[in-house]
Amino acid sequence: MKKENIHDELAGLSPMLRQLKEKDDGMRLPPDYFEQLQAKMVQQLKEEQPGPAAKTVPFWSVSTNRFRMAAAAASVAVLLTAGWWYMRPAETIAPVAVTEPVQVEEAALTSEEAQSYIDENILEFDTEMLAAELEAAETVENPADKQPLKNNSNKTHTTDESLDHVLDELTEEELEDLL
Amino acid sequence: MTTQSKTATDEEILLLLKGKGAERGFKLLMDKYQERLYWQIRRLVTFHDDADDVLQNTLIKIYRGIGRFEGKSALFTWMYRIATNEAITFLQQRHRHASASIDDEAGVIASRLKADEWFDGDNLQQQLQTATAQLPEKQRIVFNLRYFEEMPYEEMSVLLDTSVGALKASFHHAVKKIEAAFEK
Numbered sequence: 001m002k003k004e005n006i007h008d009e010l011a012g013l014s015p016m017l018r019q020l021k022e023k024d025d026g027m028r029l030p031p032d033y034f035e036q037l038q039a040k041m042v043q044q045l046k047e048e049q050p051g052p053a054a055k056t057v058p059f060w061s062v063s064t065n066r067f068r069m070a071a072a073a074a075s076v077a078v079l080l081t082a083g084w085w086y087m088r089p090a091e092t093i094a095p096v097a098v099t100e101p102v103q104v105e106e107a108a109l110t111s112e113e114a115q116s117y118i119d120e121n122i123l124e125f126d127t128e129m130l131a132a133e134l135e136a137a138e139t140v141e142n143p144a145d146k147q148p149l150k151n152n153s154n155k156t157h158t159t160d161e162s163l164d165h166v167l168d169e170l171t172e173e174e175l176e177d178l179l
Numbered sequence: 001m002t003t004q005s006k007t008a009t010d011e012e013i014l015l016l017l018k019g020k021g022a023e024r025g026f027k028l029l030m031d032k033y034q035e036r037l038y039w040q041i042r043r044l045v046t047f048h049d050d051a052d053d054v055l056q057n058t059l060i061k062i063y064r065g066i067g068r069f070e071g072k073s074a075l076f077t078w079m080y081r082i083a084t085n086e087a088i089t090f091l092q093q094r095h096r097h098a099s100a101s102i103d104d105e106a107g108v109i110a111s112r113l114k115a116d117e118w119f120d121g122d123n124l125q126q127q128l129q130t131a132t133a134q135l136p137e138k139q140r141i142v143f144n145l146r147y148f149e150e151m152p153y154e155e156m157s158v159l160l161d162t163s164v165g166a167l168k169a170s171f172h173h174a175v176k177k178i179e180a181a182f183e184k
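The listed protein sequences derive, respectively, from chains X and Z.
Anchor point for the first sequence: position 71 equals 71 in this note's numbering, and the numbering is continuous, going up by one each time.
Anchor point for the second sequence: position 136 equals 136 in this note's numbering, and the numbering is continuous, going up by one each time.
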């Protein structure tokens, strides 16, 4: 029945192949191939220890264990890193307060540069603070004071002049805002 | 081979393989299925020496993997799929190692068939083997099962997990390609 079906099918599709099917396909085997194959396979499998009945660790289990180990290692690494982070010496980064005077390091700026900065940004300074600084600068006797502008009386004088100059240029509205 | 081993059921074979009679179960399995598996593989890889290698690999995989066979499909279906995968892997490796183009590959296969001591078909049969070897893998599988094994489409559908309509179309397409190869 099967043969008739395929032959009927090929008759409609390809008479050439239908005809060819009737012939020997030409494929041969060594004599006793299957007997020898069986003996060979049995011997080979005997030499390889675990048979089909041996308990084998499912791949998913192995991969799960490996995954667990990797997760544990990662957790330990995170904990160690967190511990180090908390235990490390605190770096004090004091935020610059807007209302505090800008401390100009003696070696970083020249007095001219500092003055120029003040001149250009006078409006950003707190006038009360500025006045207090000027007053303090007049009473400082120790030239080793950290604030370079106060150390030099000339600079103080210059600052006074600069301040006058700036104040002269301020409009009334701006003055009112400042006061 | 005894008559008794030929008539061993799949259940008996599996019981032995999964239990303490693995060696005997394996012999019974080979008695029952090795020829069929061999020819399935041979028609895919064409040459006996290649088929021998692939079959041995297949049998080893079957033996080692029988513990995982859950019986959701027939035993032969499961083994056939292993055999087909092994054959396809082999063909892909052969194709990768070959430096010839597709057209040249046909010439290589034809030359090798002429020299093969385990092929003595005439010129037409040689052309058929060469043309079949050039089909895409899935098409070749369908063609072999239908043309050489004369497997009904319904059985093929279960084996390959493909619809009957798709299998018929694939077979018809393969036939047309082979005819075109003959006309060249």
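Hints were generated in silico from the structure; no laboratory data involved.
Glycine included, every Cβ here is placed at the ideal spot set by N, Cα and C.
A couple of the hints might just be wrong.
Capping the alpha-carbon separation at 27 Å, the derived lysine-lysine pairs in DSSO-like fashion look like this [unchecked claim]:
no., chain 1, residue 1, chain 2, residue 2
1, Z, 20, Z, 32
2, Z, 168, Z, 184
3, Z, 114, Z, 18
4, X, 46, Z, 114
5, Z, 27, X, 46
6, Z, 27, X, 21
What the simulated footprint calls covered on chain Z by chain X, stretch by stretch (three residues with Cβ under 8 Å from a Cβ of chain X suffice, anywhere in the stretch; the number is not a length) [claimed, not checked]:
no., stretch
7, 25 to 34
8, 44 to 56
9, 141 to 148
How the hints compare with the structure:
1. For the proposed pair residue 20 of chain Z and residue 32 of chain Z, the alpha carbon gap of about 20 Å is at most 27 Å, so the pair holds.
2. In summary, the hint linking residue 168 of chain Z to residue 184 of chain Z is supported, as the alpha carbons are separated by about 25 Å, within the 27 Å threshold.
3. Proximity of residue 114 of chain Z to residue 18 of chain Z is assessed by CA-CA distance (about 44 Å); at most 27 Å being required, the pair is judged violated.
4. Of the pairs offered as hints, the one joining residue 46 of chain X and residue 114 of chain Z is violated, with about 38 Å between alpha carbons and a cut-off of 27 Å exceeded.
5. Between residue 27 of chain Z and residue 46 of chain X, the direct Cα distance comes to roughly 13 Å. Compliance with the 27 Å bound is thereby established for this hinted pair.
6. For a cut-off of 27 Å, the pair hint linking residue 27 of chain Z to residue 21 of chain X is broken: about 33 Å separates their Cα positions.
7. For the stretch 25 to 34 of chain Z, the assignment as covered by chain X holds, since 5 residues bring a beta-carbon within under 8 Å of that chain's beta-carbons and 3 suffice.
8. Only when three residues or more bring their CB closer than 8 Å to a CB of chain X does the claim for the stretch 44 to 56 of chain Z stand; here the count is 4, and the claim holds.
9. Three residues within the 8 Å Cβ limit are the bar, and the stretch 141 to 148 of chain Z against chain X gives 3, so the coverage statement holds.
Figure legend: structure checked against the earlier numbered hints; hints not met, in rising order: 3, 4, 6.
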